[in-house]
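Listed below are the residues making up each chain.
Number of protein chains: 4
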Amino acid sequence: MNNMTISSTKEHESGHRKIEWARAHMPILANIKARFAREKPFKGRRIGICLHVEAKTGVWLDALTAGGAEVTITGSPGSTQDDVAEALNKHPSITVLGAKADSRETHDHHCRDVLRSKPDIIADNGADLLTLLATEPEFEALRTTIRGSTEETTTGAYRLRENNVNLDFATWVINDTQAKRIVENRYGVGSSVVDGVMRATNVMLHGKTVVVVGYGYCGSGVAQRFRGMGAHVIVVERDPMHRLEAHLEGFRTADLDDCLDQAQILVTVTGRDGALKFDAITRLRDGCILANAGHFSSEIEVDRLESAAISIKDCRDGVKEYQFDGGRRVFLLTDGNLVNLAAGDGNPIEIMDLGLALQSLSLEQMALLGRSVATGIHPVSLEIEREVCSLALHAWV
Amino acid sequence: MNNMTISSTKEHESGHRKIEWARAHMPILANIKARFAREKPFKGRRIGICLHVEAKTGVWLDALTAGGAEVTITGSPGSTQDDVAEALNKHPSITVLGAKADSRETHDHHCRDVLRSKPDIIADNGADLLTLLATEPEFEALRTTIRGSTEETTTGAYRLRENNVNLDFATWVINDTQAKRIVENRYGVGSSVVDGVMRATNVMLHGKTVVVVGYGYCGSGVAQRFRGMGAHVIVVERDPMHRLEAHLEGFRTADLDDCLDQAQILVTVTGRDGALKFDAITRLRDGCILANAGHFSSEIEVDRLESAAISIKDCRDGVKEYQFDGGRRVFLLTDGNLVNLAAGDGNPIEIMDLGLALQSLSLEQMALLGRSVATGIHPVSLEIEREVCSLALHAWV
Amino acid sequence: MNNMTISSTKEHESGHRKIEWARAHMPILANIKARFAREKPFKGRRIGICLHVEAKTGVWLDALTAGGAEVTITGSPGSTQDDVAEALNKHPSITVLGAKADSRETHDHHCRDVLRSKPDIIADNGADLLTLLATEPEFEALRTTIRGSTEETTTGAYRLRENNVNLDFATWVINDTQAKRIVENRYGVGSSVVDGVMRATNVMLHGKTVVVVGYGYCGSGVAQRFRGMGAHVIVVERDPMHRLEAHLEGFRTADLDDCLDQAQILVTVTGRDGALKFDAITRLRDGCILANAGHFSSEIEVDRLESAAISIKDCRDGVKEYQFDGGRRVFLLTDGNLVNLAAGDGNPIEIMDLGLALQSLSLEQMALLGRSVATGIHPVSLEIEREVCSLALHAWV
Amino acid sequence: MNNMTISSTKEHESGHRKIEWARAHMPILANIKARFAREKPFKGRRIGICLHVEAKTGVWLDALTAGGAEVTITGSPGSTQDDVAEALNKHPSITVLGAKADSRETHDHHCRDVLRSKPDIIADNGADLLTLLATEPEFEALRTTIRGSTEETTTGAYRLRENNVNLDFATWVINDTQAKRIVENRYGVGSSVVDGVMRATNVMLHGKTVVVVGYGYCGSGVAQRFRGMGAHVIVVERDPMHRLEAHLEGFRTADLDDCLDQAQILVTVTGRDGALKFDAITRLRDGCILANAGHFSSEIEVDRLESAAISIKDCRDGVKEYQFDGGRRVFLLTDGNLVNLAAGDGNPIEIMDLGLALQSLSLEQMALLGRSVATGIHPVSLEIEREVCSLALHAWV
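Chains as they are written, first to last, in the numbering used here: chain D, 1 to 397; chain H, 398 to 794; chain R, 795 to 1191; chain E, 1192 to 1588.
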């Protein structure tokens, strides 16, 4: 049996296989599903969801429907995995709307259709559903019946607050939990960035001088993992308290300007635009590999790099060489997009297992308690956070 | 510029691009090439080579020809990269014989053609050339003119000794150097195995219980790297001295039988057949991921696994699920073949830079000293080993 | 020159030598002193202090007086180093009250005398001075002239709040800074506990199973340092979020009951009474070494241990063996008192350099701004915290 | 029970207490003693020993006598612990000769008396006994009856070979085992040096720049332990292969001259005279702490330091400050003697447990096999080494 390629004859089979692989590594949701199946907390409830339609989401929907829910979900343009969508649509209690190729406009239609399904509970992503709900007259009646909602992202919560979206039910923000912040940012991002850089380049990390720009949750995780692979890490961080912490953790610290000529690999993970300006790029050690692991692809000034280079070459999948006057070269990974997503598979499955467990228990509270939960935008309750950590320990140890 | 795929119109351009990527990460050979170009140690010499024809080899041939050599090379069946071969054949001093699809028989013909090119020096792999040279009457004259040779592998050296191949010149065995053993086995294999497992599975390593079976050079590297990624490593090792060393390095140690039910990932790296017997596999923790990083694909009893499983499923590229009576499952990576090669890109480029530098300086000695070098099968001289380590430090720090 | 003992003829010379050793390792205060000497922020100001009179304090007083301050200080009963006190009393602007042998009552008198020196600014420890100031009619006038104060300990701040001590000036709590919490608790305590255990026992840490009970700032530091010395660490922690973090950092985690029979060394660092109950002690692995690094000596139930043991033996300085019915023994370090203080020299000098720098800059603000600083009990301002971290980086890197 | 001082009324009680503390941490010898007590391999045999008379030796003698041996032992001048000697002399089968204050001449007499006890087997240290045996006419008869011997040190073995000492029985060299080399040099020395530096100085290691000169077994252990305590380690090593290994292990490497101005702590561990020359000392960073952990106190040029300094001060026990013209200072620990021995308690007990287990099983072979063992100077057999490692694992895990 030498054949390692997957011979899928049908889309939904491929989607099913992906879901099964995810399921095998999502023991927290398995545990929750078993309880949901016994207790049926969502019996008679309809859940309207906007979240990436991919394999891990599928495992989650399975837990919700085991708990009695009817689900209507739409993904985001570009991120929907069509084979997974097809597989999920075979489930009698799940309706998936949308496809990978959807335009932003089509996505808007799907969001409206999710709301037209008259959900009792909402699980939102980027506030796409909640903004429509709050502003469109069509959904005026629905506003009074929704029991509560979750919002996956901090950005979505920010958008709701920014726009003064007042809804007369509770919205719990999943990403505003300490558990998710530590597990996803420090551990998940830390290892997936190392994974992404290794895949894209096949270079040895042992003994390499790696400059990590930014030492927050993500940055400290990235620095630790590169060190764990034998690299010599230099941390660049402007906040003196974080910088002192890096120093005491055994990392060399430096101002960016002072370590450019030593960097063999440089990773930005600051959450700021222009963390690595073009001018700095030109002073990097010849042959330096550049990657971005921060939230914005604008951390590295790629535009100026594109226009100023005297030559640009594709070297490998996800690796471009830029050469400057005088012969100096840098290798940019995945065009400055998040290297863990663009060159790898993103966060490990287990990270999503924890995040979707937070979703599940939050939605359960909405189902059980309804409008008796304090209205407004809040973090997930500490009890749920602790419960999910306990489940993670139970599953992972 | 969002396009990340490589749009190669011609084979040789693709090969050329691969060689250039490798070259950018082979500073030791760059240094040696510069000296060779000045000193021309191979002026008027022809080198006959049997070695994998891939990008790193191409960078090496470039250094040899810069030193004045004429080269004829054949790869091994299955490992020749045709685009690289095509690119190299454009070089006036390099002749590449063979293609990826070659049969063993065709390979034998190519080996004979390499010898028919009347080389002054030989660089062999697995003793393919040297065995022909020693045994075929056709090459009787050649035996008296060859100045010396290298042999890449320990296996090849073993084969020569086993068959009492007596040649009246020196053969230096590249892999029998301490430098290569440490750098390639401990650091190279250690990191490429972690890379391979992450690529194949996308599972989180933080907090995972990883059982590493075998704690030699390779095994200790594998154990350290998994720990470096946050895993909980248990070392299984039969030799009490190595096992004590693992214990004092902070690793839990156990007999294989006593940790089967804890393993979430198990990697064999013993160099022995049947390191993980079928009987042990059936007692593994449900969902355990199995990988082999030892020299033989027979470290894990895959055949018995194939025949005894009640179901076998392709989960992802390089991942197969085997289920047993009672429902327990294991996930086998890359059919039990070397996980760093089969699921990743093999050893990092820098490892090969060091190995091919040992080749280069050894061949240079043959060219300069000829038959005044002590005949017989020897390790590379300590002077060359030290020189290459110095060059590596110069290039990498 | 083989003589390694210190031949001090006079007390104050011994005190002076201790101060000089501390000074050599307190570069942050040296930097601040230089600025104070130029700017004289305390010119004409009197500072009343209650803080341990030992070498590091001496270096600090030197910086304050360089800034123009007149200082009256009393230590705490038991902690005053008489030789240091004598050396400091030679300084024209420093008055030290009290001696090591002082009773609690004598200490109270000294505190009153500090207040009678009519300080403009107060630096308190455990609220000894501030409580007297707020409650004794004698100091009614002083209450209206004091410009501001610092309080070293969180306990002192708690005492002030508990007793509703309202003073019409600001009190800044030094230990409530994130910088001190991280640097002192994680790094300072972590390493000094390892130091204390090694000194007290001379046992090898490599390969030892060390159970760390508690995984807060201190506990995580202790766990990391034992691992750094090659120990096998098991973390016991009740809070699931901290426990999950320990697990993902690569530590084994367990309930206390489940690892008692594996512990070769057990350290409590929880901040809770009775973290290790007598019943648990009797179930420890024979020969287990017990140490406490938490704030209370009551973390280990020493009283019950004393009364229940069938034999108690002094083994070494700071080590007692307790034997139970059936022959099982435990070795208790420093009678359950803080092992880093009782068996070692307490926190490294550099930790105190940072803490006293926070004191210095806080007192400077009081001197410069006086009552314009917001009244009440507050943490040190973030600006000062950042400034001290910057100074630390400048000094230490 | 606050009293932590040991109230010993009699010398032998103090010695007994030390032995008991050692015994509690020597499980390998406990195991061997139990078997010896059953099997009596030394029944009717007399063992003549020259080895440091201290607590751990006492535990070993106890195991030998349990096996039926009669023992006569002398220590070395200066290292004999008189209280331990007194305690051991109470044992009916043990005779201890000598005291701490002995001169070299007295020691020589004691060695002769050991031989006059007509031992069947010898355990030597530095070849003191064997040299007398081989050269003094008085012991001519004894030479023909001795069954075999051990020699603790590599230096002793060297002395025997140097002087062409030919004895017609086997001498097994304990320190020439791989097990002892790894366990004692890498782990034992590594941790005891860190222990010694912390005790002597009470400085923080986190974030300190520590230069480790020498990266052999001992040096690599020292480097790893300092890193384990949070220090920033720079490795100085002349051999390019070891230096490359350090680099790939994640350590910065440098030439000594290039890191003198960065060193906050510098440890020599090379085994060479003059590893740190006076000229280099004068260029160290102001306030650098100097320690030697190599075999010779002459690794640091202390003599020239003594004569060139403009001022020398005792700072603390074991710490001297040397100041040069211009004001620069260095702090030398324990006068350049081995810092782990002079400022600490030397190697942890467990290391000696392993070493004395090698002694025990070697002597047993001499007792059982006598002159059938191959004569000459040899390392301990691999079987014994493996057996001791197995016993260590059994005891320590």
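Rather than coming from a laboratory, the hints here were simulated on the basis of the structure.
Here the structure is a predicted model, which is why all the values come from computation and not from measurement.
Each residue gets a CB set at the ideal place from its N, CA and C atoms; glycine is no exception.
A portion of the hints provided could be inaccurate.
One side only, chain E facing chain D, incomplete, derived with CB under 8 angstroms [as the list claims (entries may be wrong)]:
id, residue
1, His-1397
2, Gly-1398
3, Gly-1421
4, Leu-1439
5, Asp-1446
6, Arg-1474
7, Thr-1566
8, His-1569
9, Pro-1570
message = Would the hint on Asp-1446 of chain E be counted as holding, given a Cβ-Cβ threshold of 8 angstroms to chain D?
response = Since chain D brings no Cβ nearer than about 17 angstroms to Asp-1446 of chain E, farther than 8 angstroms, the hint is violated.
Agreement of hint Gly-1398 of chain E with chain D interface, Cβ distance less than 8 angstroms = 5 angstroms, holds
ask   = If you take the shortest Cβ to Cβ gap from His-1569 of chain E to chain D, is it below 8 angstroms?
value = 38 angstroms, violated
key: Evaluation of the interface hint that places Gly-1421 of chain E against chain D, nearest CB under 8 angstroms   = Hint on Gly-1421 of chain E: holds, closest Cβ of chain D at ~5 angstroms, below 8 angstroms.
message = His-1397 of chain E was flagged as interface toward chain D. Is the shortest Cβ-Cβ separation under 8 angstroms?
response = 5 angstroms, holds
Interface hint outcome for Arg-1474 of chain E [beta carbon to chain D under 8 angstroms] = For Arg-1474 of chain E, the interface hint is violated, since the closest Cβ of chain D sits about 22 angstroms away, which is over 8 angstroms.
ask   = Per the CB criterion, is Leu-1439 of chain E less than 8 angstroms away from chain D?
value = This hint holds: Leu-1439 of chain E lies near chain D, its Cβ roughly 5 angstroms from the closest one there, short of 8 angstroms.
task = Go through the hint on Pro-1570 of chain E and say holds or violated, using the shortest Cβ distance to chain D against 8 angstroms.
result = Where the cut-off is 8 angstroms and the nearest Cβ of chain D is about 33 angstroms from Pro-1570 of chain E, the hint is violated.
key: Proposed interface contact between Thr-1566 of chain E and chain D, which counts if any beta carbon pair is under 8 angstroms   = Violated: closest Cβ of chain D sits about 47 angstroms from Thr-1566 of chain E, beyond 8 angstroms.
Going down the numbered hints, you'll see the structure goes against 5, 6, 7, 8, 9, while the others check out.
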